[in-house]
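Novice: Chain by chain, the residues run as shown.
Protein chains: 2
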Amino acid sequence: MAKNAFYAQSGGVTSVINATACGVLETARQHPDKIGKVYAGRNGIIGALTEDLIDTSLESAANIAALRHTPSGAFGSCRFKLKDLEKSRAEYERLIEVFKAHDIGYFFYNGGGDSQDTSLKVSQIGEKLGYPITCIGIPKTVDNDLPITDTCPGFGSVAKYVAVSIREASFDVMSMAKTSTKVFIMEVMGRHAGWIAAAGGLAAEKPEDGPHIILFPEIAFNEEAFLAKVDATVKQYGYCTIVVSEGVKNPEGVFLAEAGSRDAFGHAQLGGVAPVVAQLVKSRLGYKYHWAVADYLQRAARHIASKTDVEQAYALGKAAVEFALAGKNAVMPTVVRLSDVPYKWEIGAAALADVANVEKKMPRDYISEDGFGITEACRRYLSPLIVGEDYPPYKNGLPQYVILNNFAVPKKLSTEFTVK
Amino acid sequence: MAKNAFYAQSGGVTSVINATACGVLETARQHPDKIGKVYAGRNGIIGALTEDLIDTSLESAANIAALRHTPSGAFGSCRFKLKDLEKSRAEYERLIEVFKAHDIGYFFYNGGGDSQDTSLKVSQIGEKLGYPITCIGIPKTVDNDLPITDTCPGFGSVAKYVAVSIREASFDVMSMAKTSTKVFIMEVMGRHAGWIAAAGGLAAEKPEDGPHIILFPEIAFNEEAFLAKVDATVKQYGYCTIVVSEGVKNPEGVFLAEAGSRDAFGHAQLGGVAPVVAQLVKSRLGYKYHWAVADYLQRAARHIASKTDVEQAYALGKAAVEFALAGKNAVMPTVVRLSDVPYKWEIGAAALADVANVEKKMPRDYISEDGFGITEACRRYLSPLIVGEDYPPYKNGLPQYVILNNFAVPKKLSTEFTVK
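Sequence order for the protein chains is A and B. 405 is the number that the working numbering gives to position 368 of the first sequence; each next residue is one higher, with no gaps. 440 is the number that the working numbering gives to position 403 of the second sequence; each next residue is one higher, with no gaps.
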């Protein structure tokens, strides 16, 4: 007897999390004998708690297919972490209440480290609260910080965006440096790990290519060494381009973005580490500068997504359903790298217990000795992840992204639940 | 008897100014009977003044063809404006000295308003200083502020980048707004005119689509009306995305970016109007915000260039050479719009005297009555300019842009010239 499935997107969205959703939904539709309807949580797990479910069976095959090329989270995502069963029993009991009411036997949760922790907890309600449910986590995070899996869907596309953008900006600055801007600084995401910043390094294939300097969260900011390198780079090549991670800290462990100048009221200056670094360059070296902060543009940039990333995102969604159908539980499909050159990969599996709350750091030997660049080992790891283009369809010059109808599943419960 | 030609790039570079160079060089090579070698100025007109010329005849046809898909200025550009002949006679005499030494009979100058003024002045040295030279200006500027021509190469591609990027970021914010960021602000170029900001409006095809608000330099910032609109938008749609031009001013005529908070020493806060607007939203409405500053990323984004823009950029370069061969002088080829739908255009000509120092403003009726959006007339004008994609070739996931050899022409003069 077929059971319904629950699927939800969690945490910061990416340009390919909908490709994973596409993989889940298209695969589930091929197995009506085992999986009835797939209900998506509106705004992630909050949709389950508030019985705000979306009936994906009412979406056309064309709409579901279009998810593959649509950035963002089509069902809404949320930043919400379930506490431990002991601390927050009411939430878990509510989940079971909703799952029972809608005959849900499969739980697919698409997110990063916190979300895999939630997946693990939900998988435990089977035995702890007596509600059997097949629970599969699906990886997603631009931060690339999940363990075991070779990479996380979302990361490859941000990496490609950053590498392409800093290459283009470097060409721009190179051609203007004689009489104008000599130093350009691009701020990228990565509060705790330098994976995204490191990807900028792929744009530089020769020593003279930009970016000439990368600032990582893993390396305490050394002001004098940094300024010396900027100055030497400008003197040697005429200009200097820099990728800086939002998470860079000073030797005291304070984010540079917060340690920057304060306003007249003593408030920390409005975000952005790029302007802080730019000001430092200006005041100490006197070079004309420009800076950019890519912010959400980087993680939403489906127009320049990595084909490798899109394929892995889809494959992991597909694998999640296949795992469930094969009777696996409390696992997360992973990307297993078979070789660097040519890049080969296959789908593997990790126990959620081994994934939850474990953060994959960037190895120190991926960062050059002086702390300002990436090593060959890092390049070998990163390179295949940005390979291939996967352009969305365009109409009138604009990418055609789908907005689903997201029809609500009629509520069956008379009880309300307030999410705290 | 064939004369040599001089070509230079001037002012801020774009993602398609090299496509214009490609049009100039490929066309000139087809007429060896009339045009000998094309010498490019290294770093623009400075290359002419310092006799720092590049022999483009030494570049392979493949390299020249690759210029069509390479952003930035391949020969180097500069920000340098020739003063009037009366004020700076030495510079003009130096130009003639260099032109004579290298048998240069054609002058092609590729730039914005200031550059067309320079082109006009150089065209006058023929009669005023007795050196006959055929002088053709070629339009280029992301600001889209040259008169007569329907649009300027470079603008269509920035317009496309901005429209695509704000559409993607809007999707991102829409899916996260329930529990996270509700207001997103993207800062774009355009210190004096709102053309680029207006292009963001193309991403919104329905009232609920982002961007919901555009802030133009043409409209004095009305803080209360702005905040009311942000609040109403968040209440109605759950989120609000905003495109803000770097040139937005407060009612006193001061750039918002400068009128923002000051640091502990009273210095104006480090650039960026986006963080100023974000802080206003936060302090007055309390909504969680994010902001991005695209800066050079927007004008260098060849990866998402408008095909229409690339074609016009090339066609104008080609037309410049054809004009010169037809004996025209002191003119600039233009884009003439024949119809909006379907979009049809042809090459026209404008006298440099009519172009120099005239700025094309955005018509007031392109901005909606409340000052926060674009009108149908504006949409009709802008839409065709972003149509079509023209992707560069990729290798290992990165666009393959060409760096020319830029072999120097041996100097013939024993004199030095110092550019002030």
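Don't read these hints as lab results, they were simulated from the structure. Remember, predicted model here, so these are calculated numbers, not experimental data. Mixed in with the good hints, there may be bad ones.
One copy or two, it doesn't matter: identical chains are merged, so the pair holds either way.
No more than 30 Å apart at the CA atoms, straight line, and that leaves these computed lysine-lysine pairs for DSS-like [as the list claims (entries may be wrong)]: (1) Lys448 / Lys397; (2) Lys165 / Lys286; (3) Lys124 / Lys71; (4) Lys319 / Lys286; (5) Lys457 / Lys272; (6) Lys137 / Lys397.
Novice: Hint by hint, note whether the structure agrees.
Specialist: Outcome of the hint check:
no.	hint	verdict
1	Lys448 / Lys397	neither (40 Å within a copy, 58 Å between copies)
2	Lys165 / Lys286	neither (43 Å within a copy, 61 Å between copies)
3	Lys124 / Lys71	neither (34 Å within a copy, 86 Å between copies)
4	Lys319 / Lys286	both (20 Å within a copy, 25 Å between copies)
5	Lys457 / Lys272	between (56 Å within a copy, 21 Å between copies)
6	Lys137 / Lys397	neither (36 Å within a copy, 65 Å between copies)
Violated hints, listed in ascending order, are 1, 2, 3, 6; each of the other numbered hints is respected by the structure.
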